[in-house]
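If you want the building blocks of each chain, they are given just below.
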Amino acid sequence: MDLFGVISQLVFLLVAVLTLAAGLATVLLRNVFHAALALVGTFFGVAAIYLMLEAEFLAIVQILVYVGAIAVLILFAVMLTRGMMQTEDSNINSQWAWAATAIGVLFVGLFILILQVPWKISGQPVVGDTTPALGTALLTTYLLPFEVVSVLLLATLIGAFIIARE
Amino acid sequence: MVQNFTLLIPLFPLLAFAIIALLTRSRNRLSAWIAILGVILALALSLGVFLEALAEGAELAVNPFYGAPIVWYPYGTATVNFGWLVDPMGSAMLFMVPTVCLMIFIYSVAYMRHSHTGKDGHTIHEDDPRYARFFALISLFTGSMLLLVISSNLLQFFIAWEIMGFCSYALIGFWSFRGLKEHHIDDAQVGRARAASIKAFLTTRVGDVLLMTGMILLFITVGTLDFTQMFSPDGLNNMLLGEPPIGALQWPTLIALLIFGGTVAKSAQFPLHIWLPDAMEGPTPVSALIHAATMVSAGIFLVIRMYPLFVFDSQTGGFSMQTVALIGGFTAIFAAVLGLAQNDIKRVLAFSTVSQLGYMLAALGIGAFVAGSFHLITHAFFKALLFLAAGAVIHAVGTNDMLKMGGLWRKMPITFLTFLIGALALMGIFPFAGFWSKDEILLEALRLGFFSESGAAPLVQFVFISLATAAFITALYTGRQLFLTFFGKPRDQHFYDHAHESPVTIWVPLAILALFTTVIGFWNTPFAPAFTGYVGEAGLVGLPVPFEHHAFDQLALISIFVSLGIAFGGLFVAYFIYGFRPVGAGQPDPLERLGIIYRALASKFWLDELYGYKINLDGTARAGLLVRFVGLLSRFSYWFDRTIVDGLVNLVGWFGRIMARLWGWFDKHVIDAIVNGSGSVTGEIAGWWRTMQTGNVQNYALIAVAGAMAFAILFLLRSFT
Amino acid sequence: MDIWTLITDPFVTIYNLLRSGIIGLLASLGVPPDWIALIVFLIMGIIVVTAILIVAPVMMMYMTWLERKLVARMQDRVGPNRVGPFGLLQPIADMIKFLTKEDIVPEGVDKPVHLLAPIVVVIPVILSFSVIQFGVGMGAVDLNLGLLFLLAMGSMATIGVFMAGFGSHNKFAMIGGMRAAAQIISYEIPQILSVVVVVLLAGSISLNGIIEKQSGLFGLGWYFFYLPVGPIAFFIFLLAATAEINRVPFDLPEAESELVAGYHTEYSGMKFGLFYLAEFLNTFIISAIAASLFFGGWQGPFVQQIPALGIAYFFGKTIILIGIQLWFRGSLPRIRVDQLMNFGWKRLVPATLALILFTAAFLWAYRVLNQFLTGLGG
Amino acid sequence: MINDIPLNYFLSLAAALFCIGLFGSLARKNAIAVLMGIELMLNAVNINLVAFWRYGSPDPILNQAGIVFALFVITLAAAEAAIGLALVIAIYRSRDTVNVEEINLLKW
Amino acid sequence: MLERYALIGLFAFAAITFPILPLVLAFLFRPKKPTRLKQSTYECGIEIQNEAPEAQSIWVQFRVQYYIYAILFVVFDIEVVFVYPWAVATNQMSLFWLLEMAVFILILVGALAYAWRKNLLEWV
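Chains as they are written, first to last, in our numbering: chain A, 1 to 166; chain B, 167 to 887; chain C, 888 to 1265; chain D, 1266 to 1373; chain E, 1374 to 1497.
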């Protein structure tokens, strides 16, 4: 393995550790506001992972949508339900040990599965600006889902309004 | 290449339905025009297809217009497709259905406007409060009828069939509730409409279940529901592969009978005919459209569509066609007899419809395919005409009861004339449509029953005698209706004064239908059998054997005179009873002198009381004996449960008490302890188990994850061994 | 490499000289090629980053000076004039003051959040500088999705504002923070959408690509002059961007009369300085974006012959746009919060959506017409 | 990059992130935190989608399936978050709690 | 492509250190003399009612209107994500290209119109 391979792996490991740490913080921090901030950190980590997978459009969309929009949504929700936030004695419910055990076993299973399957690798390097290709794909192959997205968004909006309205 | 647009034909009325239902339902006139526009567009396209089909000629039968481009859903290696199939008979239906529908639509524009006398004595005209809904529903109906006609597979056919069933239900019960401002209906009518719609729906449901069962069995045995694939020789032979289901009954026979069950209910054949007379509670255009011209004939059309199956069955020794002929022949005479004693002008026509449908089925059952099909077409025209004319009378007079009419021809000459044409056609009098088609059926029955080369066939002979008698009775009751309604002196001056000639939008459709009634018969005269050549010359899809056709011979001439004689005989008897000495005001019907027979006829042989649902004039309804017997049975079961079973339990309890007294202390402390112990153990276990239902989503999710974990463990174990 | 190139394009030339020098040096030392690439990347990267990180605060400091001077002139005052000639050293004095102020952390605050908020606010602004094209070939990075990157950075500001509002343990800060967040998200949509117009016209999301497309005759190729969509898109962008960074007249979250100082009520000393820094750098960034998108960035007369002019053009345009925003500040009153929200959602969003469709239809019609005319000719 | 980091790395990262998110959604009391756990899981899924696109597709430029699917997942995640949080807020207003353990009207 | 983002990564590192540096500098220079009064929460000169720091003294119940705007924002933000690839897919430029986005946008305008009609956009 050459120098850049080593550096790539180091960077990957760094990003992965930071992402997982932020993810763990999201799950474990008692204060929901802090957890939400840790979630933002996780989103950044995932964006970096996308970059390593040479999906730059997706990386920026990750920041734009997840950090810029969904995180804000969550923060607003935290603020709106803040009255209860500090009165909790524990942030973890009674079944956490069971859940942790089950998930642990699940993870081990997944991990072994990932290692055992002989994945078929056939990727070519991604060069140049792929956004026009993405637009083309959206307008041709994925036309119907593309239009359905707008309907989904409409439904979301109306549904959320009706649920949240005073 | 109009044929490629066949699938669009039903779309226009359906679109009209959607537009009216969603957008314009508050605008009465606009809705009506949208509905009419939808039918006109469908008619134009249908005529295009029809003309193209005519140009193809008889060849169309073996190479029909067919396309199934819309993939609905795939199963296994095949798919169920939506498409169209137009063979000669289908094209004739495509001509008949939208034409009749258009006439009825135009007629309804004025018919659904009611007049009543206001507080100040003036006559007020106003639209029915559900005017737009009416047009929406009949548009939906028309669309589904057209969809049924062009269906390329049985499932599509069945869907359209069910939508029609719903429309029928909704339209029979159109007046089943009453707004504050509705003057044209009373509470009795509301009650009748409500009961009648439920009766119609439930009765036809019996047939639909049979049809669906047949369809499922067909799919299982043949593997497809597409007509063209189903009737290929392989497709039909597939049915013989499996083990026969019940004893000697073969698969084709069973399936054909089940499918015919759908027809029996939909086309109101004995014994499921009971719903049709009561269905007359709906508005008259509905009776004309659904219960005379189209929906009930859809049942016949089903037999026509599945005819290759019936033929195949009789070739392999089944008896489904004989059943069809038997039921058709019996219904023809049975319903005709019942029609004699009805006083409601529409009910007479309803029984007449049942009877005529019986004719068609009898013809199909004895193998006279072309004659039966032709009667289907002609009957639609003249029966729609009769209904509409009767509706015009009802609309003008304000009652359904013929005994309260009389002498109306002076007041409504145009209506009278058109009704007369329709009545003559129904009786089978030269040169109107019914004459040609009915004569054809009688001729075929005569020829096959008495002069067949393969020897006499008793069943066909029965059919002939039954149909000939029915023809006589048809002429009789039609004549009775004619004389009671239009001739003689007015029997109720109030209603007579109220009567007036119909507005132009009502009589123009009548006149057009009368014109059709006059000329349509010439499509298939014995001398120039164009329809026979078109429909019958090349057989059917999957049955490329020409139907037997005889040139005009002596027998045909005899048959013409016989049928004319029968018709005139019936008319003469009617004149003798009702025309010669008209029934006066307040006089009973001369037929009442028949006593018990008349009462049997008037109450429809008490079949409603036996197994149906008896709807009284005052809007109350009462279940039939059979139904009540089931009710009684359940009540008896309840009683049995309460008294015998509970009694036994009580007895055991009493016995136990005695025992307890006898054994005293021991009992109390041992037996009771065991009982209590088991109870509390059960309670404990239940109490423990029910905590599983914490109501906490996360618990449930955890259990799901535990399932995933179990799989993970399984996977790990497998991968390490 | 001649002296003319050095004069006309000094920065790029010096950069290339340095780069080739380092490569030569390392190669002569016998360093393996991939190590050379790594070291060169690191050194050159650090140089570029340092240069920009020096330019940025200096820009900010003199923007504060410009603001005080300009607004003072508009209000018929003199402005800072004691420290240095024309008060030019005033910003440095301010900076020293920031550094030596006591940092008051009120009790009850969420300490980590309170500390991190100003940092989080500053980070995206600094990152934005990485894709700005200051001159011909003078951007740190030219991303394929540069414009989208800038917008993504802009959208991160909400998080910092939230943190400041939440961390301060103060009603005013909380309300200010929530209001600021609501305002930012409301105006982000029209801002992003108005940029789509430019993307449609240029067919590219890369900043350099967009700027290069505007190389018309003496500025007539600027998208601002693409009538009628250009000016409309520009004004919508300017309004929305001004609102998004909470500048006058959209500075409701820090409305002194009702909310004291908004989400930075409880900040003092250098932390407050960082908020201040972020606000001014944001002003600079949106002016730079507007200049790049609508006024051709570094495009201008003779820029092909003398690339160094590009820097002057770019900063000139940017400073004029900053001046416009300061002019807003000097002359416009603050608008009400309901007016603000109504204006954003009921006017700007529908307007931008219509503008996008109109632009697309326009482009399509133009293409069809073009093909038709070409067909006539051929 | 594709030669330097094996696909397994990305898949393992995604699996770990998924499990963390799963734990969050199973074990947190606060309903909003539960939703955050779900967002983590969706992110992990997206990583998988993009990784398979990158490594498995013979022509990742022409065949944008991975990106497109990830975009749709993001869209769905946003819709899910919007509706879910709206529900949480509605519940908070009516029951004055966001504790999932107390939101158990379907108990027993 | 990735080397550009490597530089961005370098920039991110610098951007994180950039605001920390003056804070550290200020930490070295600034005086630190906290008093009780100085550290109290700013309330425009009014005494804080509840002295306990963890108490709900600063608690404000926000209206759900904020959340409504956030939902609108999320929806339109996602729309933007789809608009950008469309905008650069100029090789697809045709009437179809135009109409697809018109349909997409019009459905979302329907959403906006719904909110407008239901008076959800009013800041009351």
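Be aware that a few hints might be false.
Unchecked claim - Distance windows between CB atoms, simulated:
hint : chain 1 : residue 1 : chain 2 : residue 2 : range
1    : A       : Lys120    : E       : Ser1467   : 33 to 39 Å
2    : B       : Thr243    : A       : Lys120    : 26 to 32 Å
3    : A       : Leu14     : C       : Tyr949    : 34 to 40 Å
4    : A       : Gly5      : C       : Pro999    : 32 to 38 Å
5    : B       : Leu188    : E       : Ser1467   : 46 to 52 Å
6    : B       : Trp829    : D       : Ser1359   : 43 to 49 Å
7    : D       : Ser1359   : B       : Ile851    : 45 to 51 Å
8    : C       : Ile941    : D       : Ser1359   : 42 to 48 Å
9    : E       : Leu1398   : D       : Ser1359   : 49 to 55 Å
10   : E       : Arg1436   : C       : Ser1218   : 46 to 52 Å
11   : E       : Glu1495   : C       : Ile941    : 44 to 50 Å
Said to hold, decoys possible - Where chain E lies over chain C, by a calculated footprint (3+ residues, C-beta under 8 Å):
hint : region
12   : 949-962
13   : 1235-1242
It is worth saying that the hints were derived from the structure and are not from the lab.
No residue lacks a Cβ here, since even glycine has one placed at the ideal position from N, Cα and C.
Taking the hints in turn, this is what the structure says about them:
{"no.": "1", "hint": "A/Lys120 / E/Ser1467: 33 to 39 Å", "result": "holds (37 Å)"}
{"no.": "2", "hint": "B/Thr243 / A/Lys120: 26 to 32 Å", "result": "holds (28 Å)"}
{"no.": "3", "hint": "A/Leu14 / C/Tyr949: 34 to 40 Å", "result": "holds (38 Å)"}
{"no.": "4", "hint": "A/Gly5 / C/Pro999: 32 to 38 Å", "result": "holds (37 Å)"}
{"no.": "5", "hint": "B/Leu188 / E/Ser1467: 46 to 52 Å", "result": "violated (32 Å)"}
{"no.": "6", "hint": "B/Trp829 / D/Ser1359: 43 to 49 Å", "result": "violated (59 Å)"}
{"no.": "7", "hint": "D/Ser1359 / B/Ile851: 45 to 51 Å", "result": "violated (35 Å)"}
{"no.": "8", "hint": "C/Ile941 / D/Ser1359: 42 to 48 Å", "result": "violated (56 Å)"}
{"no.": "9", "hint": "E/Leu1398 / D/Ser1359: 49 to 55 Å", "result": "holds (51 Å)"}
{"no.": "10", "hint": "E/Arg1436 / C/Ser1218: 46 to 52 Å", "result": "violated (33 Å)"}
{"no.": "11", "hint": "E/Glu1495 / C/Ile941: 44 to 50 Å", "result": "holds (48 Å)"}
{"no.": "12", "hint": "949-962", "result": "violated (count 0)"}
{"no.": "13", "hint": "1235-1242", "result": "holds (count 3)"}
Figure legend: structure checked against the earlier numbered hints; hints not met, in rising order: 5, 6, 7, 8, 10 and 12.
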